[in-house]
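2 protein chains.
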Amino acid sequence: MSAAEQGRRQLHLNLFMLSTGHHEASWRHRDASPQLAADFRYYKRMAQLAEQAKMDSIFIAEKYRLNKMTKYRVIPQLEAFTMQAALAAVTEKIGLTATASTTYNEPYHIARKFASLDHISGGRAAWNIVTSTGDATARNFGKERHLDHSLRYERAHEFVEAAVRLWTGWAEDALLIDQEAGLYADMSRIKAADYEGKHLSVAGPLNLPRSPQAVPVLVQAGSSEDGRSFAARWAELVFTAQPSIESAIAFYADLKGRLKAWGRNKEQLKILPGLIPFIGDSEAEAKEKERELNELSVSDYGLYNLSALLQTDLSDCPLDGPLPYERLPAPEQVQGQQARFQLYVNLAREEKLSIRELIIRTAGGRGHFTVAGTPIQIADTMQRWLEAGAADGFNLMPPLLPSGLDDFVSKVVPELQNRGIYRTEYSGNTLREHLGLTGMSAPQPV
Amino acid sequence: MSAAEQGRRQLHLNLFMLSTGHHEASWRHRDASPQLAADFRYYKRMAQLAEQAKMDSIFIAEKYRLNKMTKYRVIPQLEAFTMQAALAAVTEKIGLTATASTTYNEPYHIARKFASLDHISGGRAAWNIVTSTGDATARNFGKERHLDHSLRYERAHEFVEAAVRLWTGWAEDALLIDQEAGLYADMSRIKAADYEGKHLSVAGPLNLPRSPQAVPVLVQAGSSEDGRSFAARWAELVFTAQPSIESAIAFYADLKGRLKAWGRNKEQLKILPGLIPFIGDSEAEAKEKERELNELSVSDYGLYNLSALLQTDLSDCPLDGPLPYERLPAPEQVQGQQARFQLYVNLAREEKLSIRELIIRTAGGRGHFTVAGTPIQIADTMQRWLEAGAADGFNLMPPLLPSGLDDFVSKVVPELQNRGIYRTEYSGNTLREHLGLTGMSAPQPV
Ligand SMILES: Cc1cc2nc3c(=O)[nH]c(=O)nc-3n(C[C@H](O)[C@H](O)[C@H](O)COP(=O)(O)O)c2cc1C
Ligand SMILES: Cc1cc2nc3c(=O)[nH]c(=O)nc-3n(C[C@H](O)[C@H](O)[C@H](O)COP(=O)(O)O)c2cc1C
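Chains as they are written, first to last, in the UniProt record's numbering: chain A, 1 to 446; chain B, 1 to 446.
Just so you know, these hints were derived from the structure itself, not from any lab.
A couple of the hints might just be wrong.
[Stated by the list, open to error] Think about it this way: if two alpha-carbon atoms lie no more than 35 Å apart in a straight line, the pair counts; the simulated DSBU-like pairs of lysine-lysine are:
hint: 1; chain 1: A; residue 1: K44; chain 2: B; residue 2: K198
hint: 2; chain 1: A; residue 1: K198; chain 2: B; residue 2: K54
hint: 3; chain 1: A; residue 1: K68; chain 2: B; residue 2: K411
hint: 4; chain 1: B; residue 1: K93; chain 2: A; residue 2: K63
hint: 5; chain 1: B; residue 1: K44; chain 2: A; residue 2: K54
hint: 6; chain 1: B; residue 1: K44; chain 2: B; residue 2: K266
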C-alpha cells in the first residue's frame, strides 16, 4: 500500500467487458471494431490493459438465447466461461468473473468448471449467479415456460448451497501424494456433498482437489426482493444499476443491512454500481461524445425499440415530426413496461420532442449511472459515491470500447491513484484478496 | 509438404494428455510430478511441446465423478473444456479436443461453448462425444440410475443432430455489419434449430455467429455395436484401444466399411488407435523402463485392484506367494469381468506366478497397444500399422509424463519425419485442415 492509500477507503474496480461498448449504438461509431466482436485477441488486449490498471476483475455477461435486437446491433457473443478460461492463461492477477445461470445448469458442472478455472488462474475465479429470463431461453432447454421468479430463486439457493458443499468437500490436507507408500489421497478427508433439495440433488464428492480460493467469489446482480435476499445470504460482490447517488445510497444501506440476519458483516459484501463514463479533456468535449453516440441510435434500431415500447409501428412517421399521439394506446392498455411508456410519452409531450430527439434523449445507460466530464470530474464523482456510502467501487461500463477503456486507464486511473483511493499495485494474488475479503470465510452451507 | 512427404500416406498424431501419464503407477515414478496435476503451467508446457512437434491435436478426457481409485492414484483433475479453452490462448496451431457427455448436458450449452472455443482458437476445436458410465455419475445429476446403453446412444444421436443444427444455423454471410445503415445481421440468414426429439428439444438459433470450422471436429471412442454405428454416422476422428495390429486391422475395416451407409467416404473419418510407447536407446533399456513402472504397481493399489477383479480379499496374502486358489470364487459366480477373471487365474496358474508377478504382468496398457523399443523400432511399428490399414495415425499415450512426451518428440518424431510419413510443418490453420478433412463437408443433419 502506498503512503497515499494509508487509511483511506479504497475503490474496487470491475471492468464489464462488452464487445464494442455499453452504449447501444457503440458499434456504429467510427472508433468501434464490430467485426472483432468474436475475436479473442480483441478481448485479450482489453483484459491485459485492465490488469495493467490494477483492476480487481473483469466481468462477462452471459445469456442463453439470441437477442431480439441482433438485426440492429452487435450482441455479446463469446460464451462467458470459455472466454474467462482463455483469459486466465494470458493474465496473472486480475479476477475473472463469468456468468452462469442456476436455472439451466447443474451444480456438478458449475462446481467442476469454476474450481478448474480457480486452479488454472491461481485463485482468480468468480461466478456471477443469475437466474435468466424469458420463455425463449426455456425453449433452448426443452422447456415451454421459464420457471417463475420465486421458484427460480428457490432453485438458486439450493444450487449454490450444493455447489458450496462440493467445493468445500476436499479438506486442505486431503492430498497425501505419498509416492513411496503408493497413497495419493486420504479418503477420510474428502466428503460427499449429499445434497437433496426440492429442485435438485447432487451426491458428490467433486473430482478435483480444493482450489486456491476453495469457493470462487460469488457475484450477483439481482434487484428484486428475492434477488436482494439471495445476495444477502450468498453474494460477496454485487453489481447494480443505480441512476443516481441517492438511489445508490438507499440500495447500499438496504443490502448491507440485510447481512446481519445471515451472520455476516458489512465488509463481506462489496457493492459496485454500474458507471458509464464519457471522458473528455473538457466537459464540453465529453458531452459532445455522448451526444454523438446518442445520435447514432437514430436508425432502424432506435425506431424499432421505440415502436416496441410504445406498442405502435412508427416506421412510417417522419423522424423529425412528433409522435403520432392519436395512434398511441392508452397507458392502461400497455402490456409490459407501463411506467416507461408514460415516462417517454410525457417527456416527448412536455418538451415537444421530435421522434429523433426522443430517441436521442433515451438512448443512454439502461438505468446505469452516466457521467460526462473531465477525468477530474469523473474522479470527483467516484470519490463522492465512495465517501457517501453509495458504493464500494464501480462496475466500469465504458460506452465505447476499446477507446473508452483506454481513456479511463490513462486519464482517470492515475487521478484516483493520486488521491490515494485506488491501488497502484496488487497486494495479493487471489480475487478474494483484491476485494479485501480474506480472513473472512467464504460462504458456507448452513 | 516436404519432398519426402510427397505422395506418402501421412500419420496423424494426437497427444492424450493425462496428468503423470498413462501407466497406472506413473505418479509414483521419481520423474513424475504428481503435485502438479492441477497446475496449468504443467499442461501448458506439454501442449506447446506437442505443437512444436506439429501434432494434430491434444485430447483431454473427462468424467463427472470421483474415481474410486483416488486413494491410490492421481486422477485426471482439471475439467477438460476449461483446460482446452485456456490452452487455446497459449497455442497457435494444434487442435484442442475436449470431452463432454451427451447424457448429462444440454445441446445449447455444448454448442455455444464449443463454438466459442472454435472462435477463440481460430478453428481448432474438437468435441470427444461420450455417453458416460455408471450410477455414481447419475447421482451427481439428481438421477438414481444411469441411462441404459441403447437409450444413451439414442440420446447421443439426437444431441449431436441438434447441436449441428445450432452450429450451422448462421449462414456464412449472416453478418452485415453495416455501420452506416445501422444493420448488424441479416436475420433471414440465421435459422432456428427447431429440433424436437424423443429425449431432448432445442429451439435456437445459437447466439453466436458461425465459427471458423462451423462444426467442431467430432471425435468418438465408442467400441460397442451402438458406439460404432454412432461413429459411422457422426465421427470424423475415432480413438480406439487395440491390443494388436490384427485387431486394429479388423476394427479399421469394420468402421470404414460402415461409412457408406451414411453417404460418407473413407477419408471422412480418421482412426487413431492408442499407442503406449516405452522408448529406450536400446530395446533392453526400453523394456527396463516398462518393468520399472510395472513394479511400481505393486502396492496397496495393485492388491486392491486384483482383489476387486478376483472378488477375493488378498490383503492378508504374502505378495511373493501364490494366489489363494481355494478361496477364489468359481468363474461362473463372478459378477462383472468374467473373461478377465479367467484370463488372470489361468495366467497365474499356468506360469506359476506369485501375486507380485501377476500384478506386474497385468499392470500395463488397459487394452491399448504397448510397445517397448528404440525410436527406430517404434517408428517401424507405427509405419507398419499405417501401411497395413490398421491406423490413420495414433493416439499417443505416454506411460510417464512429461518425460515420455519429451522422448517421443525428440527421438521418434524426427524419425517419422525422415521417413516422410509425418509433417514437418502445419500446412493449414484449422484442425479439420490438419486432419485432411477439408473440402469435405462437416457432418450434417439428415
Ligand atoms: C451489471 C449487471 C449485469 C447483469 N448480467 C446478467 C447476465 O449476464 N445474465 C443474466 O441473465 N442477467 C444478468 N443481469 C440481470 C440480473 O442478474 C437480475 O436478473 C436482474 O437485475 C433482475 O433482478 P431479479 O433477478 O432480482 O428480478 C445483470 C444485471 C446487472 C445489473
Ligand atoms: C482413448 C479413449 C478415450 C476415452 N475417453 C473417455 C472420456 O474421456 N470419458 C468417458 O466417459 N469415456 C471415455 N472413453 C470411453 C468411450 O467413450 C466408450 O464409452 C467406451 O469405449 C465404451 O464403448 P461404448 O460406449 O460403445 O460401450 C474413452 C475411450 C477411449 C478408447
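Against the structure, the hints come out as follows:
The hinted pair formed by K44 (chain A) and K198 (chain B) fails the criterion: a straight-line CA distance of about 41 Å is larger than 35 Å. For the hint linking K198 (chain A) to K54 (chain B), the alpha-carbon distance of about 51 Å lies beyond 35 Å, and the restraint is violated. Note on K68 (chain A) and K411 (chain B): the hinted pairing is violated, with a Cα-Cα distance of about 56 Å set against a maximum of 35 Å. Using a Cα cut-off of 35 Å, the hinted pair K93 (chain B) and K63 (chain A) holds, with the two alpha carbons roughly 30 Å apart.
In summary, the hint linking K44 (chain B) to K54 (chain A) is supported, as the alpha carbons are separated by about 25 Å, within the 35 Å threshold. With a C-alpha separation of about 34 Å, the suggested pair K44 (chain B) and K266 (chain B) falls inside the 35 Å cut-off, and the hint holds.
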